[in-house]
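Just need the whole structure built from these sequences, with the hints factored in.
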Amino acid sequence: MNNSLYISLLTLLIIGHGQSFSSDVHGTIISNKEPMAGVLVYVVNNKDNFYVSDSLGTYTIRDVEDNDSIVFSFLGFKELIIPVLDLKQNGKVIMTEDTKSLDEVFIFRNKEFSSDFPMKSYSQLEIYASPTSQADPLNAILSTAVSTNINESAKPSLRGSSMGFTMVYLNEVPIFYPTKGNLVNNSIASTSSMNTSFIGTESIYASNSPIEFENSASGSVDMQLNKEISDKKTLFLSTVGTNASVSKNFKSSFLETYLSYTDLYPFVKMNNIKDINHYRSYDTGIHFNRTLKNSKYSLYASYMCENGDYPMLFYKNNSSYLNMTSFVNSIANYEYYHEGIKLKADFSFSHLKSKVKHNNINMDELCNYLYGAISYSQLVNENIQYRFGLNSIFSTFKTTSDYANSWNSADKGTMGQITPYTSIKLLLGNYSALLGVKCCFARNSKPVFNTNLSLKYTNSNHKVLLSAASLNMYNYYESTFLRFSKMSCRQLCLEYDYNKSWLKGHCAIYLKDEKGIKRMAPMIGGYKKYIYGIETSFDIQLTRNLSWTISNFYLNTNYSFCGKTFKGEDNLKYFIKTVLSYENLKLWNISLSLWNRPGTYYTPVDKATYNAEYDYYTPIYADDINSAQFNKYLNVCMNISKAVDFSFGKTMFFLNITNLFNCDNNSAIYYNTDYSKSYKMNYMSRAIFLGVIVHFK
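So our numbering is basically just the index in the sequence shown, starting at one, shifted up by 62.
Straight-line distance between alpha carbons at most 27 Å, and here's what the computed BS3-like set of lysine-lysine pairs gives: (1) Lys-474 to Lys-415; (2) Lys-562 to Lys-518; (3) Lys-759 to Lys-712; (4) Lys-669 to Lys-629; (5) Lys-355 to Lys-310; (6) Lys-648 to Lys-712; (7) Lys-577 to Lys-548.
In case anyone wonders, no lab produced these hints; they're calculated from the structure.
What follows is the structure in structure tokens.
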């Protein structure tokens, strides 16, 4: 369970507004024989009942009456209004360009240069509707087969990539602190540092990160801020805190803001949770968007402060780990377009401040990040588009600590990186290709070249994607001592998607190798990680109200260093994720989710040596890395929600039970003082979460 659950079901309520209809309409939207993503689909005179078509052009509108009509709207294309009865006979919708606004067609149809090549895309509505996302954009990724995160954390890890190297972007700008609650040993507080109400769409690039995305080698997640919104006021109350959001439309612009407070004390006491003394966070943010005749700009700013007190069971001394982190993030985006030409400029400044206290250790950390980018793209004709640009990152950090060790020299540092790039996209009927090249010039490092190639075939029912890449990156936002660690990655992936109105299928096979620093054991030094994986998933609409999703992946990972090869901690023969959902807005919405996999591997301590001078035992780990394994992981969760109409607005009550069978899912191992005995820590035990959301009229 997650404190983002208070944002969660936030739009499960919004989804339910105005939906008292009787049947569903679904189909595919195409233009020039190619599926159209991002088309707004809604019921006439009821914009609360809407959908945004996915990357395959599919759409679904639930609970509509036969005498209704559906609107299909996309900037630069002629708006269509089609009766429901016609769509039930033939759900295929063909959209044509509006020649009166050709300039806008060029820019908005190709608004994101790499938008044809993500593994998966979510609209905001899909994030909210997912029963396992808890309405958090990063948690939404965890339910997909592409996610190989073996922790109960929102931090993304795609297709076996080392934790911390899957980058997160907001409007193509890197986010240097993407998840909060990172130190909690379960998923209660682990959530995205971005508020979901601001996110319009989210694209996952699992094996083909766009070349224009700075500093990305092991997959990336790009969140796009809202392009348009409706006026609304929403209040949330639950056992973990409260959240309020307000949005307002103007003539050619809009403003949205939110304020939230999280306190896990009631939740911890109610569920008798032992591994948190307290956790609190304060969040606020504002987003302003304005569209002019030939340009548009977006201004975003947010502030987040979290503090926690976590019992640390190491050495059985019952000490506490105190942490307080604050993060300020600001982003400015500007776009200008004219006759197929697009100029784009991005700028961001972020400030991270963290304080840690544990026993006699006190550490303060200050980090600043400055990012700038400029690009030029042009449609040569309907078949060719090219883009070139320049990205730059400059960052500084300073650490003060009274804890002396071999890393004490890493008390401050600066990093600069400038990256010019160019890429070209080719479109020919159902075929498309994207080739990109960039060169990274980083401080104290030789220039390195990155290349990326994606080939795609698609029609209304099938999509085949082949991608290959050789990429390098620096990690900017992980632990203090590894902040500027370098990692390189080569990868090859073949993917296939099948799409019907009642069935969606996906499968992929991929090969990857990484070179870098072993993040959880820096004393090992350089390493190589070899990854081979197979993933499959199916989304099945069993009946009008009942749906079932199931995915599984096989992941073979091995580390190579010091002339030896060892299995990775995430070496898994299977990882099953499945959700059964029943949706009936007149009655109840109920979902059951199950995640099951083998236990992860870890390196045990064989013995310890005693240092009389410091009265301290030094552990000696086993020669074979990851030679021990935790028990099997099984987590079953239940979500129940009910929408009720009141005079002041729509209200949704919800109940969530996580780890329904109260399984002991091991997360870590610790020892007594002389390492003669070991103890295993677990992820969250069974817990109950209650809340209510009010959407005011």
